[in-house]
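Throw the hints in and build the complete structure from the sequences for me.
Given next are the chains, with one letter for each unit.
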Amino acid sequence: MTFKSKLGGALLAAVMSTTALQGAFAADDTIKIGVLHSLSGTMAISETTLKDVMLMLVAEQNKKGGVLGKKLEAVVVDPASDWPLFAEKARQLISKDKVAAVFGCWTSSSRKSVLPVFEELNSILFYPVQYEGEESSRNIFYTGAAPNQQAIPAVDYLAKEEGVKRWVLAGTDYVYPQTTNKILKAYLMSKGVAESDIMINYTPFGHSDWQTIVSDIKKFGSAGKKTAVVSTINGDANVPFYKELGNQGIKAEDIPVVAFSVGEEELAGLDTKPLVGHLAAWNYFQSVDADVNAEFIKEWKAFTKNDKRVTNDPMEAAYIGFNAWVKAVEAAGTTNTDAVLDSIIGVSVPNLSGGTSTVMPNHHITKPVLIGEIQADGQFDIVQETAPVVGDEWSDYLPDSKNLISDWRKPMSCGNFNVASGKCGGKGS
Amino acid sequence: MMIKFFLRVFFLCVVSALALPSYAQSGAGADPRSLIDALSKADFGEAEKLIGQLAATGDARLVPALNAFSEGDLYFRKSDNLVFIGKSAGSNYELIDPVTGASAGQAAKNAVTKIKINNSLRRVIRSAMGGLTLLSPDRGVRLQAADAVLRSPSAENLELLETAISKETDGEVKARMVEARAVSLLSSDRSVDEKRAAIQTIKNYGGRNAIGILMGASASLDPSLKADVDAAIASIESGQRLWDIGQNVWYGVSLGSVLLLAAIGLAITFGVMGIINMAHGEMVMLGAYSTFVVQQVIRDSAPGLFDWSLAIALPVAFLVTGAVGFVIERGVIRFLYGRPLETLLATWGVSLILQQTIRSIFGPTNQEVGNPSWMSGSFPVGGMTITWNRMWIIAFSLSIFVALLVVMKKSSFGLNMRAVTQNRRMASSMGIKTPWVDAFTFALGSGIAGIAGVALSQIDNVSPNLGQSYIIDSFMVVVFGGVGNLWGTLVGALSLGVLNKFLEPSVGAVLGKILVLVLIILFIQKRPRGLFALKGRAVEA
Amino acid sequence: MISGFVFRALEGRIVAAVGILLAIGILVPALNLLTPPDSALHIPTYVMSLFGKYLCYALLALALDLVWGYCGILSLGHGAFFALGGYAMGMYLMRQIGSRGVYGNPILPDFMVFLNWKELPWFWYGFDWFVFAMVMVLVVPGLLAFVFGWFAFRSRVNGVYLSIITQAMTYALLLAFFRNDMGFGGNNGLTDFKDILGFSVQADGTRAVLFFMSALMLSLCLILASAIVRSKFGKVLVGVRDAESRVRFLGFRVENIKLFTFVVSAMMAGIAGALFVPQVGIINPGEFAPANSIEVVVWTAVGGRGTLIGPIIGAILVNGGKSFFTGAFPEIWLFALGGLFIAVTLFLPKGIVGTIQHGFKARKALKAAAEAEKGRGGTETVAQAQAAE
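For the record, the sequence lines run as chains H, E and C.
Going by my numbering, the first sequence runs without a break in its numbering and finishes at 431.
Going by my numbering, the second sequence runs without a break in its numbering and finishes at 559.
Going by my numbering, the third sequence runs without a break in its numbering and finishes at 1110.
Worth flagging that the hints you see were computed from the coordinates, not collected in a lab.
For each residue, glycine too, the CB sits at the ideal point set by N, CA and C.
Be aware that a few hints might be false.
Stated by the list, open to error - Part of the chain E face toward chain C, derived, beta carbon under 10 Å:
(1) 258
(2) 259
(3) 260
(4) 263
(5) 266
(6) 267
(7) 349
(8) 369
(9) 533
Rendered as C-alpha cells:
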C-alpha cells in the first residue's frame, strides 16, 4: 500500500506531464500569437485591459481576412502577476503553442524575466508600456515611451509654460521611478536648477497614507518659488495620493502634479473634480481629436459592450505594436522570426493621435508627446503636442549610457554599441 | 496683428459705465464682448493679456464668463468665432452670452470648439476675478475674492484692495484683505517703510504660506529689508515647529484609526474566535464594493441623496458582509473549530474565490467611490491642517470601537459570545446554542469589517486587491495589541500609527515601515502575547 | 553511528520515493537530450524546466513540513529563506556575467551601473567564487533562522503569534529588497544570467544537470529529514509538537530542539531557492511576498503534513494544477485553486498522503481487531500500526 501511494503520486505526475505534452496541434490555416498579461494578482488591474485590446485587434484583423491569408488565433495565458511564472508562460507559448509573436508584460520585472527566454528561443515580444529605458534586445520591441518620450518633454512644459523653478520628484521605490528621477535630476541640473531646489521622495508599493508626504510637498512648495511635483507613483498608490492632495487643498494652480503613470483607466476610479488642472504626459489620450481615434474608441466600446470603458496610452502602444507586426509579416511573407525582425525596421503604421509611428532600428518607435490636464469628467485636455520623438533607449543623461546606441540593422546588429570606442558590447575598450 | 486688433476695439467701443476710474488703465474703454471674442484665436500667452485687459475693465458682469473660462466651459462658435458660455444640454450645448448672461440658443457639439485653458491661465483668472469681486455686496464672494488675491498677489490689485478695506465692515473679510494687501504691497513700488510694515503684518498672520510669501519676495526686495524678512521667517518657523509636532501626532492618530478600522473586525474573528481569518481583507473589500453599488444606485436614481450615500451604505455593507460571513461560517469554518491553523488554509481559499468573484463581476479596475461634500476639504487649527475625511474616519472608527465594546460587555449576545469562546462545553450545558452564537459572532466580525470597508473606500482604491493591502497590517495590529482584547487592538493600532508617522519624516516611508515591522517582531519577543495579554490558564491551550 | 542514523532513515517508503525521484532525475533529462524532438518520448525543454521548478518547490514544502508537520511551528515566512538562498545563487550568477552586461562593466552588475553606483557594495564580495556562494546559500538563511529562532523560541513565542511574526519577517524583507538602495536590484531583481561554472544556463545540457541536481538534492534532503524524524531526536520533536510543556517538564531544552529544526529547515529552503533561480532565470523580491509563503503551507497541507512524502506530492500537484489552469482556463483558475484549498481542509484534513495512510491504517486496525477476536495481541498490532506511521 505504501508503495501504491507513491505509485499514485508518480502516476499523477505522469498525467501532468502528458497533459503538458499534448501541445495543441495548430491547424495549418491559423497563425497563433501569444497574449501574456496578468489576469489575476496585483497587476490584473492594469493588464486585463490590454488582453482585451489584443483580442479585439485579432478579431478586427480576422474580419479583414487575417494575415497572409490565414486567420489569427490569440493564445491567452495568465502569468498571475508572478514574475517567474512570466518566464514559464513565455516558454510555454513559444515552445508548446508555437506562437509567431507574443504581446505582453507590463512591469519591467516581468519583461526582465522573459527577456532571456525570448532571446534563447528566438521569438518576438511587443512590450506596450512606458519604461525606464536602458535596454535594447534583439527580440523585443518597445512600443511604450522611453523617458525622453514622456518625462523630459513634461518637465520642459512645466518649466516653460508654468515657470516652475522648484521640483519634487516623487515616486514609488522601484526601478522605473529611480531611473527616471535620476535622468530628470541630471537634466534639470544641466538646465541650471540648483540641487537644493530638487526634492526626491520614495514610497513603498501600494502606499496609502500620504498625509506626511503631501504636507512635506506643501512645505517644500512654500519657499517662494513656483513648485511642481513630477510623479512616478505607481498604480494603486495614486488614488489615495490624489485624494489627499485634493483634501489638503493643493490645487493645480498652486502646485501642479505631472504624472507618468496616471491615465484614463486610473482616473476612472477617482472623483476628478478636485484634480482639474493636474497634468499627465503620455503619447496618447482618449481625448485626441482624430478620426482614427474616434473609430478605435467606437470599436473598443462595442467590443467590450460597455459604453463607459475608456482607452489609454498602453492600449495605443499595443495597437501600434500589433499593426507593425502585421505589416512586417506581410512584407516578409512569413512569420519566421528572423525575417520579421529584418522587415519590421522602418515599418510605419498609423498611430491613434492622427500621425504615424515608425519602428526604429533601436526597436523603439517614434511617437508625439502629449501633455494633458485632467478634466472634471476624467478625461485629459491636451495642452501641448510635440512633433514625433524617437525613443531613446540609452539615456544621454546617465554617465554610463550616454555613449551607447542601439542599431539592429545589419551589419551593426548591436544593442549596446559604444560610439566612443566604436565597439559593440557596452564599454568596448 | 493683435495690437492692431485691440486698437480697433479701443476706438470702436463704448466706454463701460461701470468701470472704476481709479484703476481703469490700458484696457479702459475696451468692449468686454470683443475682448472675450478675441479669446477664440488667442494662444495661452495672448489669452493671458486679454484676461488682464478684461480685469482692467472692472466690469463685474464678466465674473460668470471668467468663471466659466477657468472651469473650461467657454466655447466659440466655429461659424462666426463668437464666444459663449456653453452648458451641456443633451447632445447640444446651450449657449449663454458671456457678458449679458442672456441665452443665445443652442448649438450642436461639433459646431463649437472649447477654448483651451491651462494652469497659468487659471491663476491669472483667479487673480482677475479676485479684483473684480472685491467690492461685491455678498460677504462670501468678498471673502473668496480676498483669498484669491492672497493666493495670486499682484501689485495691480493694491489700490483696489485699499478701497475695499476702507469700505469693509466684516472683521474676517477685512483681516483677509489686510493680509492680501500686505502681500500685494511687497511686489509693488511702494516705499521701504510701508514694506517693512507689510512684512510685520504678514509675520503676525504666520503659517506656512507666510514663509513662502516672504521667501519668494525676499529676492526682489530692497537689501535693507533683508534682516526684517529673515527675522520674520525665523519667528514664524519657531512658532510653526510645535504645530508641526502636533500635526505629526494627528497624522499618526489618523493612520492609527485606519489601522483600527481594518483590524477591528479581525479582533473578533481572530482575536475572540481564534480563526486565522485570511478572508478578513476581502470582507473589507466587499464593504467598499457595497458602498460603490449604493452610490451607483443613488447616482442613477436619486442624485440628491448623494451626501447621504455613506449613511445608507453602512447598513447595506454590514448586512451584505455579515451575510457572507454567516455563510462562510456555516459552510466552512464550523467544521474547523479547534484546528486554528487549518482555518488559515480554508479562509485563504475563500479569499481567493471572493477576489475572483468580485473581479468577474466588476472587472479588475478601480471603481469610483465619491466623497460626499462633508468629507472633502480641510480646515485649519492653528498651524495645523485637518482634513475632513480623516477627521470623520477617526470619529467613525472610535464610535465603532465603543459600539462593539458595548455589544460585547453589555448585551446578552455579547455575554453568550464570551461564554462560548471561553468555555464552549460549559456554555453549551447552560443551554446556549453554541453553533448559532459562533455563526453570529463570525457574521458580526465580518459585518464590522464591511463597515470598515465603507470608510476605507473614502481614502483608498476600491479594487479587488483592496483587502490584500490591509490583511497583514491588520494581523500585526491584533497580535501586537494582544489577541482576544479589544482594548489591545485600539492601543496597538494607535501606537503603531503614531510610531510610523514619527519614523517616516526621518527615515522615509519605506524604511519606516520596515522598522515598524522589526519593532513588532522584537516586541513580541519581550511580550509573547502582545501588549494586553489575557491572563490565566485558558491562554496555554 | 552515522550509518545507523542514515540506515534508520531508509525505511521502505522513503527508499521508494528516493528511487522514483532519482529515476525521474535521470530519465527526464535523458529523454530531453537523447530523443529527437519529433519522437513520442521526447520531453521538451520547457516541460523539463517546469518540472525542475516543481522539484524546487517540493523541496521547499519538505522543509516547511519538517518544522510544521513534526515540530508544530507553522512558519508563514519560509518563502524568505527560499528567496535568500535564491539571492545568494543569483549574486553568483550576476558576477559570472562579468563584462558581458549591457554596459560592459567587468565588476558592477547592470542595475548598479545605470543607477550610478561607483563600486561594488561589501556584501557582494566573494560571490564571484562558486564555493563561497554555495556556502552562503546555506549560511544566510540558516543565520537568519538562527537569530530569529533564538529570540523567538527563548521567549516562548508560539502558535499563532509565531506564525504572524514570521509573516512580519518576510514582509519586512520584501519591503527591504524592493528598495533599490539595498543593492539587490530593487523590484527587477537579478536576471539575465549567462552561465554557471562556465556552462551556459540556457544550454539544454546545463538545464538537464540542474534538473538532476534538483532531484538529487530533494532526495538527499528527504533522506536527511527522514533520518531526523526517525531518530530519537525525532521522537522528542513530535513530542514538542503534541505537548510542548510536557516535554519541557521532562527536562528537554525545547527551545534548542526547535531552533535546530528551524535552522535545518531554513537551510533546505535556501538550497531549494538556489536551485530554483538558475532554472527560472530570475530572482526578485516577489519571492518574499507573504502570499507565497502561505502557498507553501497550502502545498504541504494538500499533500499531507507530518508525512515526508506528502508535501512533495502536494507541491507538484498544486503547481502542476496552477500551470495547467493558468494556461487552459486563465479566467477561472483562482476559483479552482481556492476551491481546492477549502475542499482539502474540509474533506482531507490530513492531506492526500495522510488520508491514504489513515485509510490503510484503519483497515489494518480493523483486520487486527478481527484477529484479536480470534486470538490475542490485538492491541499490540494496533500499536505497531501506529508506530509504523
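Hint check:
1. With a least beta-carbon distance of about 31 Å to chain C, the hint placing residue 258/E at the interface is violated under the 10 Å criterion.
2. Restraint check, residue 259/E versus chain C: the minimum CB separation of about 29 Å is more than 10 Å; hint violated.
3. With 10 Å as the threshold, the beta carbon of residue 260/E stays out of range of chain C, its nearest partner Cβ sitting at about 32 Å, so the hint is violated.
4. Checking residue 263/E against chain C by beta carbon gives a least distance of about 27 Å; that is not within 10 Å, so the hint is violated.
5. Proximity of residue 266/E to chain C is violated relative to the hint, the smallest CB-CB distance being about 22 Å (cut-off 10 Å).
6. Interface hint at residue 267/E: violated, since its Cβ lies 24 Å from the closest Cβ of chain C, which is beyond the 10 Å cut-off.
7. The beta carbon of residue 349/E is positioned within 10 Å of a beta carbon in chain C (closest approach about 9 Å), and the interface hint is therefore held.
8. Because the closest C-beta pair between residue 369/E and chain C is about 7 Å apart, less than 10 Å, the hint holds.
9. Residue-level restraint check for residue 533/E holds (minimum Cβ-Cβ distance to chain C is 9 Å; threshold 10 Å).
In the structure shown, a violation is registered for the earlier hints numbered 1, 2, 3, 4, 5 and 6, in ascending order.
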